[in-house]
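Colleague: Using the sequences and the hints, build the whole thing.
FYI, our numbering numbers position 35 of the sequence shown as 22, with every residue one higher than the one before it.
Check before you lean on any hint, since a few could be wrong.
[What the hints assert, rightly or not] BS3-like, lysine-lysine: derived pairs with alpha carbons at most 25 Å apart:
no.: 1; residue 1: K144; residue 2: K130
no.: 2; residue 1: K646; residue 2: K624
no.: 3; residue 1: K624; residue 2: K710
no.: 4; residue 1: K710; residue 2: K629
no.: 5; residue 1: K375; residue 2: K413
no.: 6; residue 1: K164; residue 2: K130
no.: 7; residue 1: K130; residue 2: K29
no.: 8; residue 1: K39; residue 2: K253
no.: 9; residue 1: K61; residue 2: K164
no.: 10; residue 1: K710; residue 2: K646
no.: 11; residue 1: K629; residue 2: K646
no.: 12; residue 1: K130; residue 2: K61
no.: 13; residue 1: K605; residue 2: K629
no.: 14; residue 1: K29; residue 2: K39
These are computed hints drawn from the structure, not numbers from a lab.
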Amino acid sequence: MERRLAAVLIADVVGYSRLSEIDEEGTRIRFHTDLHELFEPKIATHHGRLIKTMGDGILVEFHSVVDALRCAVKIQQQKAERNAALRPEQRMLFRIGVNLGDVIVEGEDIHGDGVNIAARLESLAQPGGICISGTAFDHTVHKADVGFSALGEQRLKNIADPVRVYRVLLDPSEAGKVVASRRPRRPAIILATLAALSIAATAIVFAWQWPFVPQRPSVAVLPFANLSSDTGQDYFTDGITDSLIADLTMLSDLDVIGHNSVFAYKGKPLILADIARDLGVRFVVEGSVQRIGDQIRVNAQLSDAASGDHLWANRFNRAAADVMAVQDELSRQIAEALGLKLTQSEAERITRPPTANLEAYDYYLRAEQATRTGRRSRLLEALALFDKAEALDPGFAEAFAADAHATAYVWRSAYDDVLQSALARKRAYEKASRALALDPVLSSPYAVLAVMQVVDRRYEQAVASAQQAVSLGAADAEAHMALAYVQLFSGNHAEAGAAVDTALRHDPNLSAINRYTAGLVFYLQRDYAKAIDSFERARDGSSGNGDFVTPLAMAYARAGRLDDARATVAEGFRLVAGRDSLAGWRLSNAHFRNGQDLVFILDALREAGLPEWPFGFKGNEQDRLYGDEIASAVIGKLLRGKTEPSGSPALMQVERDGKAAFRSATQMITGTVFVNGDMLCEQSENAFGRADCGPVYRPANSPAETSYAYVNSTKVFYFSPVK
-12 MERRLAAVLI ADVVGYSRLS EIDEEGTRIR FHTDLHELFE PKIATHHGRL IKTMGDGILV
48 EFHSVVDALR CAVKIQQQKA ERNAALRPEQ RMLFRIGVNL GDVIVEGEDI HGDGVNIAAR
108 LESLAQPGGI CISGTAFDHT VHKADVGFSA LGEQRLKNIA DPVRVYRVLL DPSEAGKVVA
168 SRRPRRPAII LATLAALSIA ATAIVFAWQW PFVPQRPSVA VLPFANLSSD TGQDYFTDGI
228 TDSLIADLTM LSDLDVIGHN SVFAYKGKPL ILADIARDLG VRFVVEGSVQ RIGDQIRVNA
288 QLSDAASGDH LWANRFNRAA ADVMAVQDEL SRQIAEALGL KLTQSEAERI TRPPTANLEA
348 YDYYLRAEQA TRTGRRSRLL EALALFDKAE ALDPGFAEAF AADAHATAYV WRSAYDDVLQ
408 SALARKRAYE KASRALALDP VLSSPYAVLA VMQVVDRRYE QAVASAQQAV SLGAADAEAH
468 MALAYVQLFS GNHAEAGAAV DTALRHDPNL SAINRYTAGL VFYLQRDYAK AIDSFERARD
528 GSSGNGDFVT PLAMAYARAG RLDDARATVA EGFRLVAGRD SLAGWRLSNA HFRNGQDLVF
588 ILDALREAGL PEWPFGFKGN EQDRLYGDEI ASAVIGKLLR GKTEPSGSPA LMQVERDGKA
648 AFRSATQMIT GTVFVNGDML CEQSENAFGR ADCGPVYRPA NSPAETSYAY VNSTKVFYFS
708 PVK
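Modeller: In structure tokens:
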């Protein structure tokens, strides 16, 4: 076995899993572009050797630690310059760790503590930053044009002795500086000691007076690692993680962190103390899954994050068909290790398998993975996979519940190219009802029903359904966010804010659509700083999705950042190809019980520059038709023309009784057309069943062979009556 002293550099992409869920192919392309155009040239210039890439990580060896640091600095500086020229959703950030230490050489590869320490240092670095070890600092302190901030000795996972850690200061104004961690002067130490003794005495008195107050345990189940050679098995491994989270969430005496927050750590080096601090938990579950043919091997362990002690560990070698039995044993053994006493109903629920059909379960897991990407193409795939699971096992309640949740997301997001609004609404109601008929104590279907009921303006029913969801899923962040959404649109702002706060305790890293809801809650509470933070997180959590860009403009406008507001509207308008408008916001949010809430939103968006109609259409009032003129031009006629901005052909057939059908290259709508005052209205099962109204003009600049222009929240239709 060969050993040598080497300088090791490890780099890793910040939030790679989240970026991949949003745009897997684009993220991989950007990573390889940075690898070939940025890392490899800099590594060569500084006499390094690229050992390997590890998913989204990069391992490099140098003979000189000075070269290693200088290389890291140049990479981060040049990457910052590149990012400055990109839109936020296109930016990729790296963390870098540098260590000088002993490594084990095996062929072209290296490993050992020298590499492990570099990996731990990388995870301590800030996005776009660098951390180095004390040994690296000692050899580079005056040999690079940077400064250093001492972080003191750090306990790193699986490293026996504490390691001195320094953060590299990349700002040129701090070059040459070494900012040491200050030691308190003696009087301060004495005062701190006295204060600590006072606090301790108070705590002892409190404990003596309240000896029976229990401390509620809290746990984070980190994403299990897929040790199979096939990365296509990620869905299976993620499914075991999610099932364990779901089982533990049902336990009344345990707080469990939700999916979105824990999956932010997928594929990352794990430092338990940092995770515990970031998520606010005491205990952490880690594990791995290996699937080989018809066999699975599951390893898991429960650790006390404060002490680093392992409280429980076990290995399961079973047939793949026994996966649900393994999940049952995992949940029960972890609960026992935490000292929880399960009620009879909790014990029965954990031991009850969701389905006896392994093929149905496999389709369900694949569907759940596709749903969580949030991408339209994957949502269509997810609905088809749910159909297969339900056909194989018509009693699979969790599949129907997850189907309802995914379908409601499609409906709420108006993804008509996945499933038309009317069909999505019908499917979501049916799947949620079926799930509850099979298993009345599931919380998710009640959350789905609550959101749909409030959109239908059935406010009391919606609140009751949401409260039932929370009652059945007290630790379910999705249930609390459904309650927040319902209370928000019912006009109960304080109750909505309380529900958001509870959801954030269970899942600090909410999904994009839930961050959007939280942003609306804070906005209507006039807390614009929190609203901006939530809307920005929603935007960043669904990169390139214009639906989560424009909302940020309203908060910017109210905070007095009008330039930012107008730039945000322009960016959102570009991302949705000009479809966004005040008319669209007015229609899709018409279920605000308090109309002034919607006015407060629309006024800010108008100030930020959002146009009244899609594609920026503006009509001349002198050319506008009124009342009987509209009816004469439209009712009982075949209207032939074009839609903007594509100019694609379109037809609208309007019968004398108002029954109508509209068809273009992108829309097929049947319903009723009528004149309301001086507006032409279309009402169908789309657009949440609401009348979509707009003006009609006789514009001088209409396209050839057309006489009129009709605009509403979804289209601009230039037409001429044929008969």
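Colleague: K624 and K710: Cα distance at most 25 Å?
Modeller: Given that 25 Å is the threshold and the Cα spacing comes to 5 Å, the pair holds.
Colleague: Decide if the proposed pair is consistent with the structure: K646 and K624, CA atoms, cutoff 25 Å inclusive.
Modeller: It holds: about 11 Å lies between the C-alpha atoms, which stays within 25 Å.
Colleague: CA of K144 to CA of K130, is that 25 Å or under?
Modeller: The given pair, whose Cα atoms are some 30 Å apart, is violated under the 25 Å limit.
Colleague: Quickly compare the C-alpha distance for K629 and K646 to 25 Å and report which way the hint goes.
Modeller: Distance of about 21 Å is within 25 Å: holds.
Colleague: Given the hinted pair K130 and K29, is their Cα-Cα distance within 25 Å?
Modeller: 18 Å, holds
Colleague: Take a quick look at whether K39 and K253 sit within 25 Å of each other, Cα to Cα.
Modeller: Measuring from Cα to Cα gives roughly 20 Å; hence the hint holds.
Colleague: Decide if the proposed pair is consistent with the structure: K605 and K629, CA atoms, cutoff 25 Å inclusive.
Modeller: 17 Å, holds
Colleague: Given the hinted pair K61 and K164, is their alpha-carbon gap at most 25 Å?
Modeller: Within the cut-off at roughly 18 Å; holds.
Colleague: Compare the distance between the alpha carbons of K710 and K629 with 25 Å, and conclude whether the hinted pair is satisfied.
Modeller: 17 Å, holds
Colleague: Take a quick look at whether K29 and K39 sit within 25 Å of each other, Cα to Cα.
Modeller: Holds, at about 15 Å.
Colleague: Starting from K710, check that the Cα of K646 is at most 25 Å away, please.
Modeller: 16 Å, holds
Colleague: Quickly compare the C-alpha distance for K130 and K61 to 25 Å and report which way the hint goes.
Modeller: Holds: K130 and K61 sit about 14 Å apart, inside 25 Å.
Hint violations for this structure: number 1 only, all remaining hints satisfied.
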